[in-house]
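Student: Work out the full structure: start from the sequences and follow the hints.
Protein chains: 2
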Amino acid sequence: MADDIEQSDDEQAGGEVGEITPKSENFSRWYTDVVRRAELADYTPVKGCMVIRPYGYAIWENTRDRLDARLKATGHQNAYFPLFIPESHLQREAEHVKGFAPEVAWVTHAGGHELEERLAVRPTSEAIINSLYSKWVRSWRDLPILINQWANVVRWEKVTRFFLRTTEFLWQEGHTVHATEEEAEEETLRILEIYRSLIEDDLAVPVITGLKSEGEKFAGALRTYSLEALMGDGRALQAGTTHNLGQNFAKAFNIRFEDKNQELRYAWTTSWGVSTRLIGALIMAHGDDQGLQLPPRVAPYQVVIVPIPGKHFQESVLPAARALQDMLAAAGIRTHLDDREEHTPGWKYNEWELRGVPLRAEIGPRDVTKGQTVLVRRDNREKVFVALETVTQAVAELLESIQAGLFERASAFLAENTRVPSDYDAFKEIMAGPRGFIEAPWCGDEETETKRIQEETSATLRCLLTDREPEGDCLFCDKPAKHVAIFAKAY
Amino acid sequence: MADDIEQSDDEQAGGEVGEITPKSENFSRWYTDVVRRAELADYTPVKGCMVIRPYGYAIWENTRDRLDARLKATGHQNAYFPLFIPESHLQREAEHVKGFAPEVAWVTHAGGHELEERLAVRPTSEAIINSLYSKWVRSWRDLPILINQWANVVRWEKVTRFFLRTTEFLWQEGHTVHATEEEAEEETLRILEIYRSLIEDDLAVPVITGLKSEGEKFAGALRTYSLEALMGDGRALQAGTTHNLGQNFAKAFNIRFEDKNQELRYAWTTSWGVSTRLIGALIMAHGDDQGLQLPPRVAPYQVVIVPIPGKHFQESVLPAARALQDMLAAAGIRTHLDDREEHTPGWKYNEWELRGVPLRAEIGPRDVTKGQTVLVRRDNREKVFVALETVTQAVAELLESIQAGLFERASAFLAENTRVPSDYDAFKEIMAGPRGFIEAPWCGDEETETKRIQEETSATLRCLLTDREPEGDCLFCDKPAKHVAIFAKAY
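Here the protein sequences come in this chain order: A and B.
Quick note on my numbering: the first sequence kicks off at 2 and runs consecutively.
Quick note on my numbering: the second sequence kicks off at 2 and runs consecutively.
Hints listed in this document are in silico derivations from the structure and should not be mistaken for laboratory results.
As the structure is a computational prediction, the values presented were derived from the model and not from experiment.
Accuracy of the hints is not assured; some may be wrong.
The list cannot tell twin chains apart, which means a pair is met if one copy fits it or any two copies do.
[As the list claims (entries may be wrong)] No farther apart than 27 Å at their CA atoms in a straight line, the calculated lysine-lysine pairs in the DSSO-like style are these:
no.: 1; residue 1: Lys-252; residue 2: Lys-48
no.: 2; residue 1: Lys-312; residue 2: Lys-213
no.: 3; residue 1: Lys-349; residue 2: Lys-73
no.: 4; residue 1: Lys-261; residue 2: Lys-349
no.: 5; residue 1: Lys-252; residue 2: Lys-99
no.: 6; residue 1: Lys-48; residue 2: Lys-99
no.: 7; residue 1: Lys-384; residue 2: Lys-99
no.: 8; residue 1: Lys-483; residue 2: Lys-48
no.: 9; residue 1: Lys-371; residue 2: Lys-213
no.: 10; residue 1: Lys-159; residue 2: Lys-73
no.: 11; residue 1: Lys-483; residue 2: Lys-371
Tutor: Next comes the structure, spelled out in structure tokens:
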């Protein structure tokens with residue numbers, strides 16, 4: 002409970018967060034310290050709900066914009082559907098309601114009266130969106146429908162943790178309708194690739210993608226694909242999912258279209274989402290004992306400029322710092338000039354390292370004289386002196402290098418921590434030790450085996466690799482393996 | 002009720018909307034027809050809630066982005082606060098809860114249990130945001146706090162209407178904290194000017210700005226300013242409000258800071274918002290019997306390209322249309338190429354006029370030969386032949402001219418329909434006839450007069466002009482006038 006969003010009274014009441022707990026000492030405490038100390042998020046008086054503070058929200062805005070551009074480039078449009086779902090609608094798809102009903106928050110009274118039918122605060126929007134699609138889809142000419150929504154959703158969680166699991170969170174949910182199974186499957190995989198590109202290329206977090214097992218797939222789906230990232234403590238984080246819903250929702254909500262031969266057919270639908278959880282992935286994948294490390298592509302500030310006090314500060318150093326900021330801003334680089342007088346440069350260096358700004362530009366009286374600035378990387382503390390006339394190019398190159406470096410480091414970590422045990426004993430040993438991803442040939446018997454494995458090792462089945470054929474027998478029994486499965490202890 | 006979002010069963014069930022009712026015949030029906038026929042929004046199975054469809058949502062995205070840029074340029078940052086507000090928090094500011102409690106939707110059960118304290122689905126966020134500010138504000142160095150949030154809010158409405166009044170709507174709400182009363186007032190007026198610029202310069206909707214009377218101000222505010230637009234049917238629409246909250250919320254939520262002399266003082270706060278209601282204003286201010294007219298700055302498509310069938314369609318006309326699209330897109334112009342084969346050009350012209358696209362580019366076999374395109378304005382149907390090599394410049398100029406033209410026309414309408422009656426009989430005559438804005442010297446006696454005026458004429462007090470001194474007596478009694486007041490029947 003130490004890392005739950007419901008904190009002790011003194012922290013709820015506004016207790017300041019102090020130094021950051023070292024990562025190696027207590028990963029979970031380190032995570033919470035970083036989130037609060039870097040002002041990404043904070044506790045609220047609402048159980049399980051956090052506030053995303055401006056610095057954290059700016060990371061979300063950058064992430065959102067980069068995903069939104071990819072979705073629009075592939076023909077998707079945004080829309081907005083109601084927050085409330087009448088209970089009768091939620092119940093139309095049997096598996097779906099079974100999966101979500103236990104987590105729902107219900108509105109029972111409104112406008113001074115008790116409602117005739119209670120309303121679910123959306124835990125996901127298949128039920129409301131598909132009921133509208135049944136109205137909009139008439140002919141093959143109306144297909145495909147490719148709609149996405151940026152929205153808040155609510156799932157009542159018992160244990161909560163900043164960004165990773167909160168009662169309310171922000172996400173996007175895509176909901177599409179297609180004429181054929183093939184097109185629905187293509188869309189499901191297209192989005193999986195878009196998510197991979199967002200998470201790996203922009204957030205610099207490497208992922209394993211695969212198929213969810215029958216027991217782990219989305220409530221109501223035909224097939225669910227997921228992206229699984231590995232955190233610094235050897236635990237997996239499901240970073241996104243895409244669902245081929247088959248005709249389950251089309252049948253439950255009566256989404257039918259007249260095909261080119263004037264025959265009435267049920268459509269095929271998909272849904273998919275990523276959420277503010279991605280910010281949690283980012284923090285845990287890259288942070289260190291000094292605090293955050295933000296990949297340049299989503300960092301609110303890519304460069305923080307720290308003017309150094311000394312002779313002619315007001316007349317020459319500060320104006321030079323401002324000129325440097327203008328120059329970088331003109332090149333589209335996101336900057337912040339820390340010109341506060343109450344703090345020393347050293348204090349500012351620590352502060353902005355803690356907040357994960359990828360690059361620091363120092364400029365003092367001597368630098369002004371020499372027409373240079375000192376650039377310091379957050380990732381390896383390397384220092385370079387750069388002439389002001391070439392600084393834009395140098396900064397752009399360094400940011401690219403930092404972006405690539407973060408991904409390489411995280412990829413090496415993932416590779417080192419993906420293990421192939423020879424038997425179940427070795428599997429158990431890994432899970433008792435460094436954890437990480439475990440690759441295992443698996444027979445597909447979900448009922449008995451995965452429960453036992455989870456009980457004995459706390460590992461769960463993360464996904465099945467779709468591009469690999471298993472060899473030999475299942476790691477857990479004598480039956481022949483049907484899949485190469487990835488196991489891990491998950492967030 | 003004909004225009005309420007709760008529609009007849011047959012329309013709820015997905016009845017198609019047919020022709021658009023002429024504006025002069027039934028303004029309210031015309032409005033609903035345009036909204037549905039242009040696919041801006043639709044009914045949902047949730048009472049009083051609409052779905053904003055992609056074409057309508059794209060207008061909102063453009064509006065949002067243009068406002069967001071203005072807010073960021075003036076130092077505001079975005080954040081995200083919880084959807085739920087514990088009942089005890091809503092009750093802390095007495096006037097505030099009195100104003101909002103009757104409209105609240107309450108979550109009473111969640112996660113399978115009844116909650117100990119019920120949660121309001123936010124009708125506005127002062128209560129939750131100020132409770133966090135009380136935690137974050139310690140010293141004068143923490144001020145000002147300039148935070149904005151883009152969010153959904155819920156107010157249980159008895160009568161609903163697309164965009165103008167819905168149970169759930171999208172908006173932004175800014176919440177700021179300042180050290181002095183002067184700074185809070187400056188912020189309140191700064192945002193009023195930003196809203197004016199958004200609404201007039203981008204949405205091309207002229208507004209009157211002024212101060213709300215004591216009876217009409219925001220629940221809990223010291224002073225409320227509003228922007229009032231005039232719709233085509235002579236009714237006023239409140240397009241946005243900014244509130245100087247004084248120290249009311251700072252005292253209710255204990256937001257105190259240590260000033261430069263180490264004295265503990267209550268802060269001053271403001272809040273302000275505009276919502277998806279702006280889209281309603283846009284539709285009603287500019288639309289005509291043919292449908293929507295969208296101002297170029299927020300139109301999802303600024304130019305629709307219609308290729309004309311004929312000889313060499315596939316080999317030359319369609320490629321030329323695509324090249325035209327690429328050329329315009331490269332210049333940052335938002336375009337749509339309507340290459341559907343099942344519709345005639347004439348059908349398409351009507352369709353895109355109905356959807357309000359500011360400019361149409363036609364290109365047929367003869368145009369390809371001559372290296373030209375035909376540009377047709379939505380506002381006045383003027384047609385010009387433009388050589389393809391100069392088309393980008395021509396389109397940019399025409400879009401500017403359309404933007405300015407829409408504003409001029411709407412401004413002339415507002416000026417013509419702002420009247421200064423000589424006595425209360427003349428006032429009543431105006432309200433029984435063309436309506437519009439009525440300017441009247443007023444004594445400030447809210448208790449007795451405004452109720453009587455509303456009962457007798459359906460006009461309400463919209464705002465008090467802050468830049469005008471009244472002359473002589475009140476229009477409604479013998480007392481001397483204290484304000485120049487604007488009256489109108491309002492949405």
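Student: So, for every hint listed, does it hold in this structure?
Tutor: So, going through the hints one by one against the coordinates:
no.	hint	in the structure
1	Lys-252 / Lys-48	between (37 Å within a copy, 24 Å between copies)
2	Lys-312 / Lys-213	neither (63 Å within a copy, 53 Å between copies)
3	Lys-349 / Lys-73	between (39 Å within a copy, 24 Å between copies)
4	Lys-261 / Lys-349	between (66 Å within a copy, 22 Å between copies)
5	Lys-252 / Lys-99	within (17 Å within a copy, 46 Å between copies)
6	Lys-48 / Lys-99	both (24 Å within a copy, 25 Å between copies)
7	Lys-384 / Lys-99	neither (56 Å within a copy, 59 Å between copies)
8	Lys-483 / Lys-48	neither (43 Å within a copy, 49 Å between copies)
9	Lys-371 / Lys-213	neither (59 Å within a copy, 58 Å between copies)
10	Lys-159 / Lys-73	neither (36 Å within a copy, 37 Å between copies)
11	Lys-483 / Lys-371	neither (67 Å within a copy, 65 Å between copies)
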